[in-house]
Structures are given as structure tokens and as C-alpha cells.
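Residue numbers (my numbering), protein chains in the order written: chain A, 1 to 112; chain P, 113 to 225.
By construction, these hints were calculated from the structure, which means they are not laboratory data. Just so it is clear, the structure is predicted and the values come from calculations on it, not from any experiment. Accuracy of the hints is not assured; some may be wrong.
[Stated by the list, open to error] List of simulated lysine-lysine pairs, BS3-like, C-alpha gap at most 25 Å:
| no. | chain 1 | residue 1 | chain 2 | residue 2 |
| --- | --- | --- | --- | --- |
| 1 | P | K213 | A | K71 |
| 2 | A | K37 | A | K5 |
| 3 | P | K154 | A | K71 |
| 4 | A | K5 | P | K213 |
| 5 | P | K169 | A | K5 |
| 6 | P | K154 | A | K37 |
| 7 | P | K154 | A | K68 |
[Unchecked claim] Stretches of chain P that chain A covers, calculated by requiring three or more beta carbons in the stretch to come under 8 Å of a beta carbon on chain A:
| no. | segment |
| --- | --- |
| 8 | 146-158 |
| 9 | 203-213 |
The beta carbon of each residue, even a glycine, is placed where N, CA and C say it ideally should be.
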Amino acid sequence: DQQVKQNSPSLSVQEGRISILNCDYTNSMFDYFLWYKKYPAEGPTFLISISSIKDKNEDGRFTVFLNKSAKHLSLHIVPSQPGDSAVYFCAATANTGNQFYFGTGTSLTVIP
Amino acid sequence: EPEVTQTPSHQVTQMGQEVILRCVPISNHLYFYWYRQILGQKVEFLVSFYNNEISEKSEIFDDQFSVERPDGSNFTLKIRSTKLEDSAMYFCASMRGQSEKLFFGSGTQLSVL
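Isolated chain A (complex conformation) (with noise of 0.2 Å):
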């Protein structure tokens, strides 16, 4: 029962380049979306979330989208820096319970 679902495992891109990661839900209740950002034996950490009274949300470098009558949510990075190479999940929940569902995760290498 994957509610969300990150079909692409990896991604490079170049330095300076953007990064496009995404994410797609099945949940139509989800109200409320986050990325999360995870480096090797560290735990996630937070990146950027919107709420889906929104379609959009920004900060600095990271642009988050989502389109809720597909279902589905991306992560914008611009430029691309070697730095935020690292896994990053997607992450859904609903305003009626306090459960977090992630996605299996998009490993993404900014090659310098």
C-alpha cells in the first residue's frame, strides 16, 4: 500500500543545472506535503512542505509545486550545488490523523 510514491530512484545533474525530483500520492485526503532531505547515517531532515491550499512555495534555492488534481508534488532546486547530494523523500499526511507517509526515496549526485 504505497500512498507515495517516488518512481525515480536516482538523478544527476550538473552543477548550476535545476534539480527536478517528484512525487506522486494517491491519497486524496492528503492535505499537507514536505520534503525532506537525508544524508548517509544521518536522520532526515526538513527541507521545505506546502500545504494544499497552495500550489506553490518557495524558499531560497527550493521551490516546491503541487498540483492536486494529479496528485502529484515536485521539488525544484536551482542552481544544483554539489552540497545537496543526498536522498530525498516526499512526504504526505492528512489533517485528520498525525501519521507521516513517505516515499521510497530519489537519490540525487550534483556532479561538479
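With chain A held as given, fit chain P onto it using these hints.
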């Protein structure tokens, strides 16, 4: 910035033994979670805890698992009789309020031999 603290960072145990994983959530947070990640797989929800009781739990969280908040600061996960398949990285997380962001600890790598 305040952080979630987990101890130990690594735990090796024999199959059938009991283990207790410890977490100190952020002090003003009200919601507490355990997640785990088996190597190469997704981050899986185990249990959430609010107001001194379990609020949700997954199918993974069977009778072998229990959680406790023995005092005002610690939050523990106990596995009574470990199995080989319990080997994973276990993450504790906490959240101040509903629909806010989760803060994760750095994890405990549990290896069951």
C-alpha cells in the same frame, strides 16, 4: 536549533533478545513517532504517540513492540524478542503540533544477529 536525540547510535543484539531504543524529543513537542528504514527500502511508520498514549500504529508494530514515555523527556521503543528482520535504522521524530513538520533524530542502527 533544538534537536531530537537518539541513543545508542548503534546496537547489536542476538536474535530473541530484548532491546530498548531511547529518544529525547524536542522539549515543547507534543507528538512523538518511531519510524524505521530497512537498508535500501522506504522509511516506514511504526507508531505515533500523543497525550501519553498510542494514537496510531502500523501493521509492523505488533505485540513485540511497545513504546513508553517514562518521564517528561524520554520516549523509548522496546522490542521484546528481536528477529533478524528487525535489523534496520530506527528513527525517532517529534512534532510540536498537528500538521507541522516532523523533526527527526539521527537514528539508531539496530543489527540483529
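Now for the hints, and whether the structure bears them out:
no., hint, result
1, K213(P) / K71(A), "holds (20 Å)"
2, K37(A) / K5(A), "holds (16 Å)"
3, K154(P) / K71(A), "holds (20 Å)"
4, K5(A) / K213(P), "holds (19 Å)"
5, K169(P) / K5(A), "holds (21 Å)"
6, K154(P) / K37(A), "holds (13 Å)"
7, K154(P) / K68(A), "holds (23 Å)"
8, 146-158, "holds (count 6)"
9, 203-213, "holds (count 6)"
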